[in-house]
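Take 1 as the starting number for the sequence shown in full-length UniProt numbering and just add one per residue.
Just so you know, the hints here were simulated from the structure itself, not pulled from any lab data. Quick reminder that beta carbons are idealized off the backbone N, C-alpha and C, glycines included. Treat the hints with care, since some could be wrong.
As the list claims (entries may be wrong) - Derived Cβ-Cβ restraints for the label pairs, each shown as a range:
(1) 709 with 678: 32 to 38 Å
(2) 599 with 667: 22 to 28 Å
(3) 60 with 795: 53 to 59 Å
What the hints assert, rightly or not - With a straight-line Cα cutoff of 27 Å, these simulated BS3-like cross-link-like pairs (lysine-lysine) come out:
(4) 545 with 561
(5) 292 with 357
(6) 292 with 359
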Amino acid sequence: MLAIIILLPLLLGTVLSASLHQVPRLIKMLIAVGISLSCFTLLLSQANTIFNGQSIVQAWQWLPELGINLSFRLDALGLLFSLLISGIGTLIFIYAYYYLSEKSSLSKLYCLLMLFMAAMLGISLSNNLIILMVFWELTSISSFLLVSYWQQYEAAQRGSRMAFTITGMGGLAMLGGFVLLGQIAGTYQIDQLLSMGATLQHSPLFTPALLLILLGAFTKSAQFPFHFWLPNAMAAPTPVSAYLHSATMVKAGIFIVARFLPIFLGFALFHQLVTTIGLITFCIGAFFAVFKEDLKGLLAYSTISHLGLIMCLLGIGSPLAIAAAIFHILNHATFKAALFMIAGVIDHEMGTRSLRKLKGVWQLLPFTGTLTFITASAMAGVPLTNGFISKEMFFTEISQAFTGTSAVLAITVTTLAGIFAVAYSVRMIHGIFFDGSLGEEIPNQDAHEPPFGMRAPILFLAIACLAVGVFPAFFAEDAVKTITESALQQPINSPHLAIWHGFNLPLIMSLIALVGGILFYAFFAYREKIRHIELERFLGPLQCKLIFEAILTFLENTSRKIKLATETGRLQGYLFWIILFSIALVSIPLLSYPLSTGARVLTHAPPLAVVLWALLFSACWMLLWFHHERVKAVLISGAVGLVVSITFITLSAPDLALTQITVDVVTTVLLLMSLSLLPQLTPYESSQTRRWRDAIIAISAGLGIGWIAWLILTRDHDSISWFFVQQALPLGGGSNIVNVILVDFRGFDTFGEITVLGIAGIGTLCLMDGMRTHGTTTTKGLTYRFTPSPLLVRTSTSWVLPIALIVSLYIFLRGHNYPGGGFIAGLITAMALIMQYIALGQDRAERLLHAKSGRRYERWIGIGLTIAGLTGLAAWGWSRPFLTSAHVYVEPPLLGSLHLTSAALFDLGVYFAVLGSTMLMISVLGDSRHSSMSGPIVPKE
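Model the full structure from these sequences, guided by the hints.
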């Protein structure tokens, strides 16, 4: 069930949203709302189970040897965040339908929002650190795409890059922290880690793990000094901003800290660091929000402030502080989502978000003004709103958590931040809707209330702010207690959520904040010089944006200098530095080891080995001598490959020999076709001095590799080949050990290799598509497309094709027990088809194969990867790791005993991927669109 909740928006939501371009917008909205509402309903159906103190776990093995499994867990804390993500998401989908104009792509926005929702649900429900990390990075990628939704605007591009850079660097740090934490505990399962807090804290690696994890959480939740990326992400559409700021991305860091509280609590560095950073963020966010002239900018800095408040409560770490943090997470999601939607309504109707222009809007938007009054009051912490109760709890914990001078300082800073919070809230209410008559600078003087569907989500959230504020014990007390107990993994006394707790210090702090905030706004509003002050000119470094931009500028300038110094455009120079660096890299660690011949008994080289060595030496010397003549160089390299194949045969490695021969033939053809597009001679670039230098480097590298090989071969070593010899047949169902390793024991590597091969083939198509490659004066205008050959060649190759296909089938079927397999069979089939190209000409050959312009070959690649991937996924149906193979013996009538293995299907995928990639590259290089008679390489018109 948990996997379904994530897969609904990840697969169904993104696919439907991306594919339904021609469907009416209303249908798109209903589909998006239906998917998010389904997730919300599925989660809500488990509420009774969760609030009874149980948790739901769902897991599949993936890479159990590495401790990486697809494991999901739903507890009260995960349920809170998941309900916020799916519930607020449903409202956002409704709001976006009315907000976005017909000119903007609703499908694109819904697709990206669905991807983002799935990533956040994955974070909330993950029970494995590595899987959580995958979803964590997916939020960074999807948020980058969402912020840059209007990619034609430079601000959107700049803001998305900044957000991705900051959160991406934090994610890299968090990955390091997770790995350290997993290595300390010996497991990556979160539910197991949460019960090992005391043990983990005694490890010397716990401190760096804690710092790295907190660095990731601080960057994602915009804590000081990483807070500056959040206001710069305001170029996103308002529905995106409302979703990111209320229930999703910026709460991800908060969730991580709350999730790992049982591990962190009691560790002094955690409490000191998180409390201090949270308090600083709370104060500076509120201060900068007062002076922002953009409405979304004001709300962005207020988000930073409230995130700091929650982080500070988590850092205090007492049960009631955690309860207050949980309660404020819920409250902040309601009023902040509503306020961002209100900002969108004002921008949508009035045509501007500038607080300098907006005033007197009440006469045009009274209903929106009422909703703004309610939700902004909740943000300011006015009594009878939900924000007031959680703010009171915060003030209470601040007054009790510190002693002495620290207490005075903390109370002062907190009260001051409360004053700023009231000031920017009053500014949003009074400055926009009152403060005189309707501003003349407003673009739309005839604005009116938006459709009810656009106001309905805001109305729902505003009612929630009042309902929870008036009846907190009824709506939230039990839920907050259960969620807090889930976060702490221990029972707590029930937090008393009430409007009145008596006349005490927190109430005095609230009164000072309310009165002081109103007075501060009054002073601010009626002092024109202060009102129009540009803080960036005076306090820019405190926002850390200037520091970040200075670092980026330094890195760009430095990298540009290095690039100019190293990128000379000469391959010889690149190889020189690569080989020189490799020699140094290998030599330095080897200096501490004995470099003499080992004690292993040496044997005499047989005559055949001497002959092969002589042939190889001769071929390499000829390659060195003729390397300036490109065609000769390719043919000689083919001879080198042939000698290597013979070597494999003499060493009893027929699989490697078959692979080497087929690869050698195909690559020789590809190289000859590629080089035919270039001049036939490589220009001489070396001086006499440089040739001597290069010779010394090359000889040193060659002798070094040879000596390392000698050192290894003359020493005894333990081999793991015994494992494959013993287990190939019982576990892999095949006696050909090499093939069993490729399709079973190391099947994941093979799957990655055929994926890379497919990407290379498609990359060749993309590189050559739309280009006309023309003959040069050196090649004398050669045409490169295959043309029909003489009749004798055409007749003989017509017999070769069926024989080659039969040989391919034979090689494929015997591969699991004898030399062969899908890779070799695919190359043999490719060679047979290349011969048809040569004999019949490319046009006729592609017509017969229905593969005009390589389109069928692209499908072959896709079919191969799909078959291989589905074979691996099928193992999950039997609760086995990805790509685990199975084999069985069956006895059908007439056929006798048959040995069936799932690895054969995987090998079939390898066959199609190899064949498709090879033929795609061949067909692209020979395509007539890429040939002409003369002239340079130019883009196709």
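Cross-check of the supplied hints:
Range check, residue 709 to residue 678: Cβ separation about 34 Å, and the 32 to 38 Å hint holds. In this structure the hint that residue 599 and residue 667 lie 22 to 28 Å apart at CB is violated, the actual value being about 40 Å. In this structure the supplied range 53 to 59 Å holds for residue 60 paired with residue 795, their Cβ-Cβ distance being about 56 Å. With a C-alpha separation of about 24 Å, the suggested pair residue 545 and residue 561 falls inside the 27 Å cut-off, and the hint holds.
Only pairs whose Cα atoms come within 27 Å are accepted, and residue 292 paired with residue 357 is accepted, the gap being roughly 13 Å. Between the alpha carbons of residue 292 and residue 359 the distance comes to roughly 15 Å, so the proposed pair stays at or under 27 Å and holds.
Checked against the numbered hints above, the structure violates only hint 2.
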